[in-house]
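Take these sequences, add in the hints, and give me the full structure.
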Amino acid sequence: MTESGLVVDARGVTKWFGETTALDGVDFAVTPGVVHGLLGPNGAGKTTLLSALFGLVLPDEGTLRLFGRTRAEAGPTWLDGVGGFVETPRFYPYLNGRRNLAVLAGLDGGGADTLIDEALERVGLAGTGRQKVRGYSLGMRQRLGLAAAMLRRPRLLILDEPTNGMDPAGIRDLRAALRRVARDGVTVILSSHDMAQVEEICDSVTVLHHGKVAYAGRLDVMRADAPDPVWRLRTSDDAAALAAARKQAGVKAAEHDEGGLVVHAVQDRMDEFVLHLGRDAIAVRGLELDVTPLEALFFQLTADAADPETASSVPASSASASSVPASSVPASSVPASPAPASPAPAAKESA
Amino acid sequence: MTLAADRWPGYAELGAPAGKGSGALVVWRLELAKLSGLLRVRAIIFLCLIVPFLAVAGLNVQSSTPGDTPFGQWVHSSGFAIPMVVLGFGGQWILPVLTAIVAGDIFSSEDHFGTWKTILTRSRSRGQLFAGKFLAAVTFALACMLLLTVTDLIAGLVAGTQPVVGLGGQLVPAGHATELVIVSWLAEIPPVLGFTALALMLSVISRSSVVGIGAPVLLALVFQVVTLISLPVWGQLALLSTPFMTWHGFWVQPPFYGPFEQGLVTCAVYFVVCGSVAWLVFRRRTIGAAA
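As given, the protein sequences belong to chains W and D, one line each in that order.
Position one of the first sequence corresponds to residue 10 (my numbering), numbered consecutively onward.
Position one of the second sequence corresponds to residue -9 (my numbering), numbered consecutively onward.
Just so you know, these hints were derived from the structure itself, not from any lab.
It is possible that some hints are incorrect.
Stated by the list, open to error - Listed next, with one range per pair, are the computed distances between beta-carbon atoms: (1) W/185 to D/263: 53 to 59 angstroms; (2) D/228 to W/26: 33 to 39 angstroms; (3) D/208 to W/21: 46 to 52 angstroms; (4) D/276 to W/21: 34 to 40 angstroms; (5) W/26 to D/26: 33 to 39 angstroms; (6) D/216 to W/72: 48 to 54 angstroms; (7) D/26 to W/176: 32 to 38 angstroms.
It should be emphasised that the depicted structure is a prediction, and the values quoted were computed from it without experimental measurement.
Positions of the beta carbon are idealized from the N, C-alpha and C atoms, including for glycine.
Here it is, written out as structure tokens:
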């Protein structure tokens, strides 16, 4: 491994597109063998950062090292051991899936072409490998993109929204596959909008907002920093339930625009509250987790000052009452750009 | 259809890809393989094979001759006149079309299909990709020229091997006429390569196949029109269409090669300048993101 022990080590990476600052002094570090989530709203700079990792975009400032080497130091071997794709994987539509992979394997040199059939089978495209790619669905192209990435036998796998267009079974299997390759020592960088996906499989995360790092660190630390989850509660008597909430410690509730209540509480407090409602003969007709703690933190980190609805960490459709507080975690309590994301072993196991 | 997650092996144990091949030549070979999958490329090859024979058939059924074209008045008396009529009639714009169809599309098609991100994330540098694609476009142009030379000559020989009257009025015997037909066709290679580089540059800069293919053809026609204007010598020499006509000097007695040599310089300048500009634009290009 490298001197710093980092697979990816980006320091102060800045990229301008005309007047637009796509990346603004981004520090981004990933340690080996982790699944690292890259989060951010549209236009946050995720794709630009991933493109820079692949050398598709040349940073205007800063340094970027993969496996300890800058692009200038590594030359054409810069991407050796790196596989993946940015945005939707694209292929030659007039060639079939197998020939597309053969072209890419040819570019890699070596004996990757012997893995093509195996790779197609692994991603569930064995039966369609001879079909022209112009007939592929978005999900099939994602799968072909994964096959193309795996042909490189990567030590670093970079995936940009890999579950776009995939069916639920494919998404489930992809999550399992990513955990498995990470256990095998492959480092995975996963860009996603799906917080649930990130929570399930990532060990560490970086949140980008307006081209800057809004948060970087281990997921377990992030969870500890996160505000209370937000619940959607429907009862037989919402007014009585709201009154009961005001007396319940650690529970904050408000009426929801579409009926029922929106409740901020940690799991234990919520359990107590529901039991209390039962004792008060208020029936619970529906209870669902509306915003997970990490989602709430994500909304907070990526909220714009001019957007008070998201700034409150409550989804736009949620609270209307003034009794619902802003998120309990102030932005200042979140590390702006902490050290490399290197999860504790326990956290990695649980992921 | 599901991802067979349980069968994804430990890739880290397999290590990095094996040998690297030889850079640009690997790309060149793959580009040729991709070109072979394109219908229009197959169509061009097919046309190169049959058009000379169609020209022979067409000229034979006509009672009149294309007298305003060099060698046109001799098409019924010597087979050697036919490939020269084809060359004189279509050389200045058919050949640019042939090469532009591939060279004007070989870079911009990657933009069209969005595949730059796919190939630039493999183990080849931009320089290798550029060189491989450039070589593939040149290879296609050369292949077309050689194919047309052979098929035109064969079509002419099929039509008749009588001596032909040269542009100086001298009678050229069959053996020498064969040599001159071949040399005349091969003399078109430099301007064709000039147009190849021009189309390729336009393809890189515009990222549009319409521009990459259409603009060189349009320029070829403009050059032809401009040729009709009384330009100073340096102006004529600067036109990439002028070298297409330098074979005329081979068919007089004594032959003169000055225009051909000047044309070589013009073609070389176009080739180097257009190729260099294309590379300079391509090497700093931003791919994807906000590109």
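Evaluation of the provided hints:
A hinted range of 53 to 59 angstroms for the beta carbons of residue 185 of chain W and residue 263 of chain D is consistent with their spacing of about 55 angstroms. For the hinted restraint 33 to 39 angstroms between residue 228 of chain D and residue 26 of chain W, the CB-CB distance of approximately 38 angstroms keeps it satisfied. Judged by the Cβ atoms, the range 46 to 52 angstroms given for residue 208 of chain D and residue 21 of chain W holds: they are separated by roughly 47 angstroms. For the pair residue 276 of chain D and residue 21 of chain W, the beta carbons lie near 19 angstroms from each other, so the given range of 34 to 40 angstroms is not met.
As the Cβ distance of residue 26 of chain W to residue 26 of chain D is approximately 37 angstroms, the hint placing it in 33 to 39 angstroms holds. Residue 216 of chain D and residue 72 of chain W have their C-beta atoms about 52 angstroms apart, which keeps the hinted 48 to 54 angstroms range intact. Between residue 26 of chain D and residue 176 of chain W the beta carbon distance is about 35 angstroms. The supplied range of 32 to 38 angstroms therefore holds.
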